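Participant: Here is what each chain is made of, one letter per residue.
There are 2 protein chains.
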Amino acid sequence: MSAKTAPQTIVANKTTQDQLRAFIERIERLEEEKKSLSQDIGDVYREATSNGYDKKIMRKLIALRKKEPAQIQEEKDLLDIYMQAVGM
Amino acid sequence: MSAKTAPQTIVANKTTQDQLRAFIERIERLEEEKKSLSQDIGDVYREATSNGYDKKIMRKLIALRKKEPAQIQEEKDLLDIYMQAVGM
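From first to last, the protein sequence lines are chains B and E. Just so we're aligned: the first sequence equals residues 5 to 92 in the numbering used here. Just so we're aligned: the second sequence equals residues 5 to 92 in the numbering used here.
Hints listed in this document are in silico derivations from the structure and should not be mistaken for laboratory results. Only a predicted model underlies this, so the values are computations on that prediction, with no experimental measurement involved. From the three backbone atoms N, C-alpha and C, an ideal C-beta is built for every residue, glycine too. Mixed in with the good hints there might be a few duds.
Covered, in the sense of this in silico footprint (three residues per stretch, anywhere, with C-beta under 8 Å from a C-beta of chain B), are these stretches of chain E [to be verified]:
| hint | stretch |
| --- | --- |
| 1 | 24-32 |
| 2 | 43-53 |
| 3 | 64-78 |
Some chain E residues judged to face chain B by a derived CB distance under 8 Å, without partners named [said to hold, decoys possible]:
| hint | residue |
| --- | --- |
| 4 | 35 |
| 5 | 38 |
| 6 | 57 |
| 7 | 81 |
Whenever a hint applies, use it, and build me the whole structure from the sequences.
Facilitator: Structure representation (structure tokens):
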């Protein structure tokens, strides 16, 4: 595979230098957008917290909403069994 | 702090139920956008890889571009000293 065999030579000319720079800058821009979204998410959690909602429980709720009801019930049942098994 | 003392009662009426739902849905939308950006980043890395660039080295380069030149040099020097210390 030529893509794998010439890693040292690929950055030797202007065109490939520009190409590499373009890839890097695209990734950096996308990473910036991701960071900005993470901050937005933090802001929503802060707003919710200041309205009396619990962040940890909200996270659990969001995780649960990704699952099927049957899966939730199965995990709940299994957790109950395990808790009983260790005397909780 | 009333925000902390009434966690059980806060979801008891329609208005607060709607409010909680709105917070949850805002977070879910933002998380979706973040996921989509992660996929876009993956796509750029795949495109770069197919053009012969090494993903691991690109990641290192992006991390280095966030640092000051003096910091890069300092870490490089320290790493050299540590490598010598363990006989590398």
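Participant: A separate judgement is required for each hint: does it hold in the structure or not?
Facilitator: Consistency of the hints with the structure:
1. As drawn, the stretch 24-32 of chain E meets chain B at 6 residues by the rule of a beta-carbon pair under 8 Å; at three or more, the given contact holds.
2. Look at the stretch 43-53 of chain E against chain B: 7 of its residues bring a Cβ nearer than 8 Å to a Cβ of that chain, three or more, so the hint holds.
3. Coverage of the stretch 64-78 of chain E by chain B holds in this model, with 3 residues showing a Cβ closer than 8 Å to a Cβ of that chain against a need of three.
4. Among the interface hints, the one on residue 35 of chain E holds; its C-beta lies about 7 Å from the nearest C-beta in chain B, closer than the 8 Å criterion.
5. Because the beta carbon of residue 38 of chain E sits about 5 Å from the nearest beta carbon in chain B, less than 8 Å, this interface hint is met.
6. Interface hint status for residue 57 of chain E: upheld, as the beta-carbon distance to the closest one in chain B is roughly 6 Å, under 8 Å.
7. Checking residue 81 of chain E against chain B: minimum C-beta separation of about 25 Å lies over 8 Å; hint violated.
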